[in-house]
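Put together the whole structure using the sequences plus the hints.
The primary structure of each chain is shown beneath.
Number of protein chains: 2
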Amino acid sequence: MAKRSGGRNARVALRSAPLAEELRPVRAGLAGGWYKPLSENDVASIHASALQVLEEIGLADAPPSGIEAMRAAGATYGEDKRLRFAPAMVEEMLKKAARNITLHGRNAKHDLVLSPNKVHYGTGGAAVHIVDSESRNYRDPTLADLYQTARLAEHLEHVHYFQRPMVTRDVEDNYELDINTLYACLSGTQKHIGVSYQDISHMAGAFDLLHMAAGSEEKWRERPFASNSNCFVVPPLKFATESCLVMEECIRGGMPVLMLSAGQAGATAPASITGAIVQAVAECLAGFIYVNCIKPGASAIFGLWPFVSDLRSGAMSGGSGEQALLTAACAQMGNFYGLPTGSAAGMADSKLPDLQAGYEKGISNVMAGLAGLNMVYESIGMHASLLGFSLESMIIDNDMIGQCLRCVRGIDVTPESMAVETIREVCLEGPGHYLGHQQTLNLMQTEYIYPVMGDRTSPKEWAEVGKPELLEAATAEKNRILATPNRVALPPHIDAAIRQKHPIRLPKIGSFHAKAS
Amino acid sequence: MAKRSGGRNARVALRSAPLAEELRPVRAGLAGGWYKPLSENDVASIHASALQVLEEIGLADAPPSGIEAMRAAGATYGEDKRLRFAPAMVEEMLKKAARNITLHGRNAKHDLVLSPNKVHYGTGGAAVHIVDSESRNYRDPTLADLYQTARLAEHLEHVHYFQRPMVTRDVEDNYELDINTLYACLSGTQKHIGVSYQDISHMAGAFDLLHMAAGSEEKWRERPFASNSNCFVVPPLKFATESCLVMEECIRGGMPVLMLSAGQAGATAPASITGAIVQAVAECLAGFIYVNCIKPGASAIFGLWPFVSDLRSGAMSGGSGEQALLTAACAQMGNFYGLPTGSAAGMADSKLPDLQAGYEKGISNVMAGLAGLNMVYESIGMHASLLGFSLESMIIDNDMIGQCLRCVRGIDVTPESMAVETIREVCLEGPGHYLGHQQTLNLMQTEYIYPVMGDRTSPKEWAEVGKPELLEAATAEKNRILATPNRVALPPHIDAAIRQKHPIRLPKIGSFHAKAS
Chain L
1 MAKRSGGRNA
11 RVALRSAPLA
21 EELRPVRAGL
31 AGGWYKPLSE
41 NDVASIHASA
51 LQVLEEIGLA
61 DAPPSGIEAM
71 RAAGATYGED
81 KRLRFAPAMV
91 EEMLKKAARN
101 ITLHGRNAKH
111 DLVLSPNKVH
121 YGTGGAAVHI
131 VDSESRNYRD
141 PTLADLYQTA
151 RLAEHLEHVH
161 YFQRPMVTRD
171 VEDNYELDIN
181 TLYACLSGTQ
191 KHIGVSYQDI
201 SHMAGAFDLL
211 HMAAGSEEKW
221 RERPFASNSN
231 CFVVPPLKFA
241 TESCLVMEEC
251 IRGGMPVLML
261 SAGQAGATAP
271 ASITGAIVQA
281 VAECLAGFIY
291 VNCIKPGASA
301 IFGLWPFVSD
311 LRSGAMSGGS
321 GEQALLTAAC
331 AQMGNFYGLP
341 TGSAAGMADS
351 KLPDLQAGYE
361 KGISNVMAGL
371 AGLNMVYESI
381 GMHASLLGFS
391 LESMIIDNDM
401 IGQCLRCVRG
411 IDVTPESMAV
421 ETIREVCLEG
431 PGHYLGHQQT
441 LNLMQTEYIY
451 PVMGDRTSPK
461 EWAEVGKPEL
471 LEAATAEKNR
481 ILATPNRVAL
491 PPHIDAAIRQ
501 KHPIRLPKIG
511 SFHAKAS
Chain S
1001 MAKRSGGRNA
1011 RVALRSAPLA
1021 EELRPVRAGL
1031 AGGWYKPLSE
1041 NDVASIHASA
1051 LQVLEEIGLA
1061 DAPPSGIEAM
1071 RAAGATYGED
1081 KRLRFAPAMV
1091 EEMLKKAARN
1101 ITLHGRNAKH
1111 DLVLSPNKVH
1121 YGTGGAAVHI
1131 VDSESRNYRD
1141 PTLADLYQTA
1151 RLAEHLEHVH
1161 YFQRPMVTRD
1171 VEDNYELDIN
1181 TLYACLSGTQ
1191 KHIGVSYQDI
1201 SHMAGAFDLL
1211 HMAAGSEEKW
1221 RERPFASNSN
1231 CFVVPPLKFA
1241 TESCLVMEEC
1251 IRGGMPVLML
1261 SAGQAGATAP
1271 ASITGAIVQA
1281 VAECLAGFIY
1291 VNCIKPGASA
1301 IFGLWPFVSD
1311 LRSGAMSGGS
1321 GEQALLTAAC
1331 AQMGNFYGLP
1341 TGSAAGMADS
1351 KLPDLQAGYE
1361 KGISNVMAGL
1371 AGLNMVYESI
1381 GMHASLLGFS
1391 LESMIIDNDM
1401 IGQCLRCVRG
1411 IDVTPESMAV
1421 ETIREVCLEG
1431 PGHYLGHQQT
1441 LNLMQTEYIY
1451 PVMGDRTSPK
1461 EWAEVGKPEL
1471 LEAATAEKNR
1481 ILATPNRVAL
1491 PPHIDAAIRQ
1501 KHPIRLPKIG
1511 SFHAKAS
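Heads up: the sequence lines are chains L and S, in that order.
What the first sequence shows, in the working numbering, is residues 1 to 517, in sequence order.
What the second sequence shows, in the working numbering, is residues 1001 to 1517, in sequence order.
Quick caveat, the hints were computed from the structure, so don't treat them as lab data.
Hints are supplied without guarantee of correctness; some may be wrong.
Incomplete in silico selection of chain S near chain L, CB under 7 angstroms [said to hold, decoys possible]:
| # | residue |
| --- | --- |
| 1 | Ala1267 |
| 2 | Pro1270 |
| 3 | Ser1272 |
| 4 | Glu1322 |
| 5 | Leu1355 |
| 6 | Ile1423 |
| 7 | Lys1467 |
Just so it is clear, CB atoms sit at the ideal spot from N, CA and C, and this is done for glycine as well.
So this is what it looks like as structure tokens:
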């Protein structure tokens, strides 16, 4: 009987066959929500406390335009210059908020739909160092690093979007830095990109570049393929005046905004995990009120983003268990509101790609996914609590994210997967094992995923192939990817036009390829 | 105002004060169950399928004593020599099963109570190699390795019990191996230990040693401080005849049994994750029927333990995402029955303590804990899909388990932790930050845990202290612990008596200490 013979050959044959997209075991947008760190009562209590904070304490430092817009919608402006919001107003503004928003890729196959519990992993952050793993050095990031990182993001299966994860240091002028950062991201990947602006005077140039890259302003507004990471609040409970103006400008320009509240528990947020959540929820609700006062239904992401401090030193500890809990609870709160959610996981305190970095990243990333966080930022490549970025870790982390996604996908429980008939056949009639059984062959590529870099050899096989080291293998894979031609860069005529109009510092894309290979 | 001043000094002072046991942020037996990979319907369907398997397919190869005991309780024995169990019989025997059992330590402070969802992490397995991380060598384990590993288990805060994780290779005689394994474990730690026997003729000697260690048979039976890991089934659905006899003997001798079904999905269990669970549940239910036929209410652990294969090669992949899901679902099934649960997590495929090993261990360990697994075996020190054990990884993994436990503990949501008054005070009256606030100081040691080995320095501090490498630090910590005097070994007069009666190969404990330092 064919179905019981040739197990190994059949497996090898199957392995080389390509798998239809819809059969792939994991993909962007799988549904989490299996893990709920908070009870329903807890969620309701936190919501009630956040409403109390908004009504009684409110936020200071909104810019005049924000004060005007929010007062017009019902906020009160006190003598202490704080805006306060009655619960009814919060509920009303939440009704206006956009849900199920799409973050577009420059290529539509990379579009991400942020419905509740749908999980996407990507980069993020503002690392000020590149981790040179081989020499164990922390050095300044360059535009070339950023471009290469974008290229890796394009190639790595489980990286669903690319928010610039580092601040490059080889461009001194801040305007040129913003323009070149945008250009480097766009040149390396067609996945959705994320950028960040602190200065409203830089926005016109950035939008012009985006319009050129899209083909026209109209095309950009149809499918905005970049979003803005916006620190609209200085916790506790003060609007970041300039960032709020940037946010207003983004909304007018059709760019989705990630409204992020990044308090640090024990420093700029309460030390209790619950208190840090309450404050972040209050701040993000205020942010969403603001957004929807400027334009009802504008695309925005509810960015509950509280960080954990090591209370002994006051320093941030993104790799802690407390942080993993905090991020997962934030995902749950965002899903409670039915809003698009974004937060941070995968931050390692460790400076190098070692065992500590691995468990720190693995624990927080899988918890964020299982809790149903829409956008898991900073999930890949990060070290030193966001201060360092490693391209080699990014390559290795891609497998980790694949594994997290497999866990998010969960277990298919169906009459067929229950396998009672298979068990009966194997035990009562068959060979007494499941190797080569048709069910095994069918599930080999649809139920199981396989790592690219991860080593699964036995100790004997591992010794026979020379005990390969993970970091060396990752470096080789990085070089291999960077040596492939860039097929997703901006079309040459658009690139030429952009270079004529904007102060682009990155060498022409072709020259990079020659250098890398 | 005192409460707002001296933040750093106050923190430093607090840091050096010892913390009362009940205030420690994490400990053995925290309650998980936040994460449920299966819906209630899924659980009911899997239970129904397992009942169908037991009724229609049944199990082969029970020893005559087991056939007799189970037939007497209502099982049918078919012409095909398979025992089958009607659903009503299964339900009836489940009512007799012991719940909330205690696994005793030789010291009562290490007792573990296995109530539903209460989580304990420990070692386990039968590694045939010691990973020499420095030389990247896999070598044979010795009795001295096992003894030293037991000593580390005694010292490491988050290792709650010590099942022997390796099979030593320097004792050729199998009886002497069993006796010396037991002795090495007992000499190194007072935490609950786990051993395993394949040969019933070794049991009398083992029990004699246990009675001597306890002081008398009566004292042993009062607080049995060792359990037996029992592979009572050869999946699919065949009793392991000899192991079943060992199990019967354990029960008669008052030793708790871990009844473990370790099928391999795609080889000895169905390839579908659900099918692997169904088969394991059916097998463990049969095991529990057997146990409770021998002695109703005997202490036993429901050991759903299915492994995942890499279906391309057929080799086991304990570090896979599929494995993490499988283990978590097994915890949920065991909690559904309200039985004491044990399964495996923390298995890394990676051969070395690297980034891959870290995320593999972290993901599966945290998921097992969040799912409320009572006994997370193999959670620490494992490599190469259980074939290798690393003492250095054990040291590092202890921090990882602390972090997992912090996540299992969850988030305290109380009016006080909500911190609305703290937020009000800080924002409206106070300094605008939470550093040095009384709440921050209060929570510093009760809400947050701190790693022993894990490095949280900034890149600058890290460079200043010479860029310490995790593995080197772990090696130093291992040597430090092993150089401390062993204060938990068996009392000298008992030790001398045991050595006179049993073929103990391990040198006297004092000589070890001299060697290690």
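Hints, verified against the model:
| no. | hint | verdict |
| --- | --- | --- |
| 1 | Ala1267 | 6 angstroms, holds |
| 2 | Pro1270 | 4 angstroms, holds |
| 3 | Ser1272 | 4 angstroms, holds |
| 4 | Glu1322 | 6 angstroms, holds |
| 5 | Leu1355 | 4 angstroms, holds |
| 6 | Ile1423 | 6 angstroms, holds |
| 7 | Lys1467 | 5 angstroms, holds |
The earlier numbered hints are all upheld by this structure, with none contradicted.
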